[in-house]
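Peer 1: In case you want the letters, here they are:
Protein chains: 2
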Amino acid sequence: MSSQPKIIIFLGDGVGDRPVPELDGRTPLEAQATPHLDHLAAGGVCGMLNPISHGRRVGSDTAHMAILGYDPFSNYKGRGPFEAKGVGIDVLPGDLAFRCNFSTVEGRRVTDRRAGRISSGTDELAKAVNEQAGLIDGVQCIFRESVEHRAALVMRGADLDHRITEVDPHHEGAEYPDCAPLPEAADDPNAIRTAAIVNKWVQAAHAALDSHPVNQQRRAAGLPPANIALPRGVGTAVHLEPFAKRYGLKGAMIVEVDLVRGLGLYLGMTVVDVPEATGGKDTDELAISRAVVAALDSHDFVLANIKAPDLAGHDHDAAQKMGAIAKLDSAVGYLLEHVDFECTTILVTGDHCTPVTYGDHTGDAVPAVFYGLGVRPDNCGSFGERTCMQGGLGYFTGFDVMPLLTNLAGVQAKFGA
Amino acid sequence: MSSQPKIIIFLGDGVGDRPVPELDGRTPLEAQATPHLDHLAAGGVCGMLNPISHGRRVGSDTAHMAILGYDPFSNYKGRGPFEAKGVGIDVLPGDLAFRCNFSTVEGRRVTDRRAGRISSGTDELAKAVNEQAGLIDGVQCIFRESVEHRAALVMRGADLDHRITEVDPHHEGAEYPDCAPLPEAADDPNAIRTAAIVNKWVQAAHAALDSHPVNQQRRAAGLPPANIALPRGVGTAVHLEPFAKRYGLKGAMIVEVDLVRGLGLYLGMTVVDVPEATGGKDTDELAISRAVVAALDSHDFVLANIKAPDLAGHDHDAAQKMGAIAKLDSAVGYLLEHVDFECTTILVTGDHCTPVTYGDHTGDAVPAVFYGLGVRPDNCGSFGERTCMQGGLGYFTGFDVMPLLTNLAGVQAKFGA
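Those protein sequences? They're chains V and C, same order as listed. All you need for this note's numbering is the position in the first sequence, starting with 1, plus 3. All you need for this note's numbering is the position in the second sequence, starting with 1, plus 3.
Same shape as in the complex, but just chain V (with noise of 0.2 Å):
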């Protein structure tokens, strides 16, 4: 490796937690074996993490905005943008992007909402939604594949607007209503109009859908057809700078999330796929690291999350988390033989916590620790809730974290003289 100076965000994804009482009242991270991590604590410099500030509930989406450096409040207005980008849509502000699932239908109950997992033909299908369905009302319709039965949307056009109501009824059995405006924006002649150029689109792309040779091939097959898309989580691109004029750097992202990925693509960065990364429990940590290494030749910042202790977390599964724990001290142990701390500076933190007694995001700060080039060492010796609490660097929010890791790494411009 060179002597240029190089940084790592490796995130335990939702890795925080609270005490769990079969844990004895100890925390997943207290209660597992993490001698890697543990050795970061001892020699780096611990604290706490808020993604956005005490207390605040954050999505993967909005922490990994905030951890770089991009303001979620001015700068998140729906998921939608990350997930058509994440598909391969090449989304531009202004879009109304929409992540879809391909569901099966009967009349307007929805029996299927992921069309038997659909795993082949979506590319046929979704052509054909294309030529019948590409252009409502003057808004063009952009509609991309994904793997089994995802898909993204995209509608470009002018005055669109992001606040009205999901299509598909998030469970099966029910209906799937029609898109309205949501009550805040019920008046507003923008999300009126919006709202029906998807209704149309929902009913023009189920037209091209339900009689597709791909649909009647399933049907004859005794599988569920595709035969409709039902649009969920819109959000308006808004633009965001990119990473390497914002910084300098040249950043990868090495990541089990789609929705992420859709982010680091989004701001220009490389989204490096790494095939034993499954985002399961069962993912290969070591294949992380090893890409983490590989990437660090040719970037200048490499952001890693492993997936799987978040969804431990949502699981409420403390055992699961412990394992998932043990993974990211494994990947951690990697990176410590792998990579020179000299030059390198590296933070090893989550985006949020994912408590098991809890099973979704909360709001609690995620213990946290920098190591390596530039960094002052505190007393910790051990990393966790309890032990980072008292960490050198007390409490910092997401919006600390590029202005940290720039200045220990010496890559940060002087404000003034």
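Check each hint, because a few of them may be wrong.
[Stated by the list, open to error] With a straight-line cut-off of 25 Å between C-alpha atoms, the simulated DSS-like cross-links for lysine-lysine are:
| no. | chain 1 | residue 1 | chain 2 | residue 2 |
| --- | --- | --- | --- | --- |
| 1 | V | K248 | C | K80 |
| 2 | C | K80 | C | K248 |
| 3 | V | K284 | V | K330 |
| 4 | V | K417 | C | K80 |
[Unchecked claim] Partial list, computed: chain C residues near chain V (C-beta under 7 Å):
| no. | residue |
| --- | --- |
| 5 | R21 |
| 6 | R59 |
| 7 | G62 |
| 8 | D64 |
| 9 | R111 |
| 10 | L138 |
| 11 | G362 |
| 12 | H364 |
| 13 | T365 |
| 14 | E388 |
| 15 | G397 |
| 16 | Y398 |
Hints in this document: simulated from the structure, not taken from any laboratory. Bear in mind that the values here come from a model prediction, so they are computed numbers and not experimental data. Glycine included, every Cβ here is placed at the ideal spot set by N, Cα and C.
Could you slot chain C onto chain V? The hints should help.
Peer 2: Relative to the frame of chain V, chain C by itself:
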């Protein structure tokens, strides 16, 4: 001394540091015996100062602005106005101001950036420049000599733009460039016009200087002529509310950095001259402390700054920095003997860190201690990076300093009922 509450900010310029290998991983503050600073820590409350926010690298000017409660993000447009104010030009809001060097050129090649550190006759030279180049395209140009080769230039007129390049090439042997708009303002008519005016001034001043009798005498004596003035460090003067108006306190500054003296003058503070304060590693720190004590007789607030620690940091010299810290400690010892801390609150910290391993300002937080009137002591017993990280005040910013101090000293108006 009266029982009127008083406030002191005593800054060791660049005093904070990072672990130094040759000091066995201790910082200079940790390695140097500092009995008086430790006395403050034991009897006061410690914390960590981020001049702006976590990780942000600052200059001395922006740091002092923040510490005095003036947001540099909205109030800092270059150092030039402070330099010009320090040289004695009455800078007005909207003025464009530069620092300048008297230099020696042959053709366009700069053969001596400091014109042999010219020590006399610059007043006559400046007078000649103002006679020949006092008005360029309707813009008033005010040039004034400072010590040795140093000078300042103020341009006063409508629509001047500071987004222009420097004329000083910063290297001897190089040709001095024309002033030009910065890339971001390449098409801006005001920036283009301002650059043209600067170039005309440089040439008009050059003509006045080259043939001046002072330079004829220098040439005859074998000395390099001060035959050009090269502007750099441009800034637009903004309105800053006077310190006394903002805080209702009569303030004085005793500082060794011209740039900061200029800020003090800009804020309408008394700037006390201490001849024994050389600004070097040989400075007389007790003379500074004596001046602080004297100023407290007629002022409510005194800010002092001893430059030596910063110099040692820039010089990568840990032993020199320890010596500078010993001077800071000695200066504080004098205050402990001669100030009544029953009615005086003091903050001792730095304006930023200048680690000897880095050789320039970093965005690391600076150890800080509040002592005296109003202070609630914590459990810290010594003054250093690691101990203050555990201090009772935690992290605070420059913008918190004046509220903290005026609160402790009991001279702050209540907000609310």
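Peer 1: Check the hint pairing C/K80 with C/K248 against an upper bound of 25 Å on the C-alpha distance.
Peer 2: holds, 22 Å
Peer 1: Tell me if C/Y398 is really an interface residue toward chain V, meaning its C-beta lies closer than 7 Å to one of theirs.
Peer 2: The hint holds - C/Y398 has a Cβ within 7 Å of chain V, the shortest such distance being about 5 Å.
Peer 1: Given the hint that V/K284 pairs with V/K330, does the C-alpha gap stay at or below 25 Å?
Peer 2: Holds: V/K284 and V/K330 sit about 9 Å apart, inside 25 Å.
Peer 1: Identify whether the interface hint at C/L138 stands, where standing means a beta carbon of chain V within less than 7 Å of its own.
Peer 2: At about 29 Å, which exceeds the 7 Å cut-off, the nearest Cβ of chain V leaves the hint on C/L138 violated.
Peer 1: Would you check whether C/H364 satisfies its interface hint, that is, whether its CB is within less than 7 Å of any CB in chain V?
Peer 2: holds, 6 Å
Peer 1: Compare the distance between the alpha carbons of V/K248 and C/K80 with 25 Å, and conclude whether the hinted pair is satisfied.
Peer 2: holds, 22 Å
Peer 1: Does the interface hint hold: is C/G362 within less than 7 Å of chain V, judged Cβ to Cβ?
Peer 2: C/G362 check fails; min Cβ-Cβ to chain V is 10 Å, beyond 7 Å.
Peer 1: Min Cβ distance, C/T365 to chain V: is it shorter than 7 Å?
Peer 2: OK, holds: C/T365 within 7 Å of chain V, min 6 Å.
Peer 1: Just to be careful: measuring from the Cβ of C/R21 to every Cβ in chain V, is the smallest value less than 7 Å?
Peer 2: holds, 5 Å
Peer 1: Should the interface hint for C/G397 be scored as holding, given a Cβ-Cβ cut-off of 7 Å against chain V?
Peer 2: Cβ of C/G397 sits 5 Å from chain V, so the hint holds.
Peer 1: Given C/G62 as an interface hint, is the shortest Cβ-Cβ distance to chain V below 7 Å?
Peer 2: Nearest chain V Cβ about 3 Å off; hint holds.
Peer 1: Does the closest beta carbon of chain V sit nearer than 7 Å to the beta carbon of C/R59?
Peer 2: holds, 5 Å
Comparing the model with each numbered hint stated earlier shows that hints 9, 10 and 11 do not hold.
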